[in-house]
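**Student:** Those sequence lines, one after another, are chains A and B.
No gaps in the numbering here: position 51 of the first sequence is 51 in this note's numbering, and each next residue is one more.
So this note's numbering is basically just the index in the second sequence, starting at one, shifted up by 100.
Treat the hints as calculated values from the structure; they're not laboratory data.
Given the structure is predicted, the values throughout are model-derived calculations rather than measurements.
Mixed in with the good hints there might be a few duds.
[Claimed, not checked] Rough simulated footprint, nothing fancy, chain A against chain B, three-plus residues with beta-carbon under 8 Å: (1) 107–118; (2) 146–159; (3) 163–169; (4) 172–178; (5) 181–193.
Just so you know, even glycine gets a beta-carbon here, dropped at the ideal spot from N, CA and C.
Each chain, letter by letter, is given below.
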Amino acid sequence: MFIETLVMVLLLSMTFISLVRAVIGPSMLDRLIAINVIATKVTTLIVLVAFVLNQEMFIDVAMVYALLGFIMSVGVSKFVFKGGLES
Amino acid sequence: MSGIILDVLSYVLFALGLFFFFVGSLGLIRLPDAITRLHATTKADTLGAGFILLGFVLREGVSLLSIKLILIIVFVWLTNPTGAHLIGKIAYEKKEDQQ
Numbered sequence: 001m002f003i004e005t006l007v008m009v010l011l012l013s014m015t016f017i018s019l020v021r022a023v024i025g026p027s028m029l030d031r032l033i034a035i036n037v038i039a040t041k042v043t044t045l046i047v048l049v050a051f052v053l054n055q056e057m058f059i060d061v062a063m064v065y066a067l068l069g070f071i072m073s074v075g076v077s078k079f080v081f082k083g084g085l086e087s
Numbered sequence: 101m102s103g104i105i106l107d108v109l110s111y112v113l114f115a116l117g118l119f120f121f122f123v124g125s126l127g128l129i130r131l132p133d134a135i136t137r138l139h140a141t142t143k144a145d146t147l148g149a150g151f152i153l154l155g156f157v158l159r160e161g162v163s164l165l166s167i168k169l170i171l172i173i174v175f176v177w178l179t180n181p182t183g184a185h186l187i188g189k190i191a192y193e194k195k196e197d198q199q
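Next up, chain B with everything else stripped away, as it sits in the complex (with noise of 0.2 Å):
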């Protein structure tokens, strides 16, 4: 019985990520601007990442896997904001060069 509710909770953060993924994409394309782009990906695909792997580490249970996939989490959520910020400053340099 609780293997069905972790499945199906599995599930619901599935379709989350793959809504705030889908969001990232469509911000990616249809913004017209660097840094809107920016704006719209990192934290859209930040959290669809988390919202997937969460949903494997709910169905894996405690175990070394899922110690791994919590680990790629805290990586990504360390890592895509520091990139995001580097790339923000230099978008932000290269438009003061321009005026």
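Just chain A, same shape as in the assembly (with noise of 0.2 Å):
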């Protein structure tokens, strides 16, 4: 149990030097990666915290996160290269 919470704080401490990519990233693209690199940690972090916490339904949470995740990357990436949302 130790190690789990110890594997969670390390991961969150990165997910935050990850978001300071996100918050100076100089253009758009960049902040699209730190964007992505924090959706591949949460769901590593659901996972842990359903492990911590002996829920097992966190793990279902976990995999709907990484299915909007990818979601999200896709229709960012595409507003990015087209300037709009229309097909």
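Starting from the two chains in their separate frames, assemble the complex, guided by the hints.
**Tutor:** This is the structure:
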């Protein structure tokens, strides 16, 4: 249990390091890359929370979060590329 | 006895995953360009998430939970390179537009 909590804290600090790049990133693509990285890290963090709190249903939340992260990444990259959301 | 071995093996996998996550974050902060940042983060993050989730699969054994975890691993390994390919294509074409 202690090891999982330690892994959670370390992973959370790395998430904040990635958030720095999302805030200061010069272009929109840097922010998109940083948010993509944060989505992967948060998926892993949700699984860790599920094992620390013994809540098995959080695994399903992690699956849905991975799906949403991918859709967000594709949508924002299309928005950056075309300057709009039409088809 | 086998439980202890599996626990130690899962801790080793956690350490490996944390190392790869750390390398990815370091690359995201330190590298100078959008494409190089993409190069650093995509592979390292995909591998790190795979290692940490695989550690939980080893600890859990054969159950519905570990099948769901393997599903998450497969999904992350499919979607993360796809999204990175899309972002890399856009970065390349934007760079061509500027020149």
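**Student:** Determine which of the earlier numbered hints do not hold for this structure and return their numbers in increasing order.
**Tutor:** none
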